[in-house]
Amino acid sequence: MKHSQLEDLLGAYALDAVDDEERVEIEAHLAICPRCRAEVQAHREAASLLAFGGTNAPEGVWTRIAASLEEPPPDLRLIAARDDRRNPARYWRRLALTVGAAAAVLVAVLGVQVASQDRRLEELQTALQDPLVPAFQAALENPDSEVIEMTSADGAVRLRGAVTDDGVGYLRASALPALEDGRVYQLWGGAGDRLISLGVLGPDPRIVTFRAHDYSLFAITNEEAPGVVVTANPPVVAGTTA
Amino acid sequence: MSPDLTNASDSALVVAIGRWRQDALAEAYRRHGGAVLALASRVLGNRSQAEEILQEIFLRLWDKPDRFDPERGSLRSFLLADCHGRAVDAVRSDSSRRAREDRQNAERAEASYDLEREVWDAVVADRVKEALDGLPAAERDAITLAYFGGNTYREVAAMLGEPEGTVKTRIRSGLRRLRADLSEAGVGEPS
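Residue numbers (the numbering used here), protein chains in the order written: chain A, 1032 to 1273; chain B, 165 to 355.
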């Protein structure tokens, strides 16, 4: 989509009123366009002013929330996030898997090998027409980026990507077989023993972009459109940052 | 409840939530839970489903407080956007196609939106009602059917019998006008 076509959709997007394919494309664009991000945020603030704060939050629901809150695990390792180094005035406690532990889990479950950062880049012939290619290549070539390699259990499908220093993830997903109608690929980040959705990729993704947060473990599943909150499916591909 | 939390800014609350303070989550719930529940109820039309969404939104805030960036916007708009997304997903996946078409037919009949509907269980601030009334009817209808109806802009276009491009434009310009009208009137978010 041209930038002007994307802009036309920003109001509808802010109200969750676009199709899934449009949403994926808009979110990919928002990852790299601060002006559009600011417009979406302004629309969301306007929409929030339509909300009415007159009701009291019900006590019964709070009781259920409080019962579900987990205590911090005693053996939790606190790892300083990239954001903290950039902006020390902000302090967030973060959870992060150590790469070694994550890799060990995946080797045990999937027989996946963790990528080496010394791997040479592949040719991106047909990808030259994709507007995300320059950003993807820049991310891969930047020495501050972390390379991602995701493979299927049998090693037949291999995807390559990178997470930049400011937490933007890029993944070339064109090796995934196109899905039939009614199915979509969905990307997940690993947090503890749970997978958190990083976005729906559509049935035939090429280069995708996403917020990688602190995840070092990623998986892609095949889901019924328009995607799910929690997956019950094994990963089609999975991998970690090196 | 510690006195420092009731006077804390929303940003300070989220920092405290990041430090595992359950009382900070409780205070955020007290401030914003009503608005989250009211929005979910309006989109879903079903109180118990709305309460599930309310629970999910605050558990998500507990699990990943770092998704909220105070420089990007208010905590209220963050929670409402999270709630709205979840509610719309639930509406779109729950409904069979027939049930969704029935609902859209009913909403088409009510396209001139009536703010006095009994299904709302909250009081709308007069200034917000005035702002909505101050929008051109076409913009108000497009925004209402999209935001509160959980419809895509294509579905809204079909319901209103308008071109899709027109609906997209009306939503975008309506939101801009709403924000301008409401900031003029001094309606803003408590920090």
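No lab work stands behind these hints: they were computed from the structure.
Predicted, not measured: the structure shown is a model, and the values here were computed from it.
A virtual CB, placed ideally from N, CA and C, is assigned to each residue, including glycine.
Just so you know, not all the hints are guaranteed correct.
Facing chain B, according to a computed beta carbon distance under 8 Å, are these residues of chain A, among others [as the list claims (entries may be wrong)]:
1) L1040
2) L1041
3) A1043
4) L1046
5) D1047
6) V1049
7) Q1072
8) H1074
9) A1077
10) A1082
11) A1088
12) W1093
13) L1100
14) V1199
Do the hints match the structure? See the list:
no.	hint	in the structure
1	L1040	holds, 6 Å
2	L1041	holds, 6 Å
3	A1043	holds, 4 Å
4	L1046	holds, 5 Å
5	D1047	holds, 4 Å
6	V1049	holds, 6 Å
7	Q1072	holds, 5 Å
8	H1074	holds, 5 Å
9	A1077	holds, 4 Å
10	A1082	holds, 4 Å
11	A1088	holds, 3 Å
12	W1093	holds, 6 Å
13	L1100	holds, 6 Å
14	V1199	violated, 14 Å
The structure does not agree with numbered hint 14 stated previously, though it agrees with all others.
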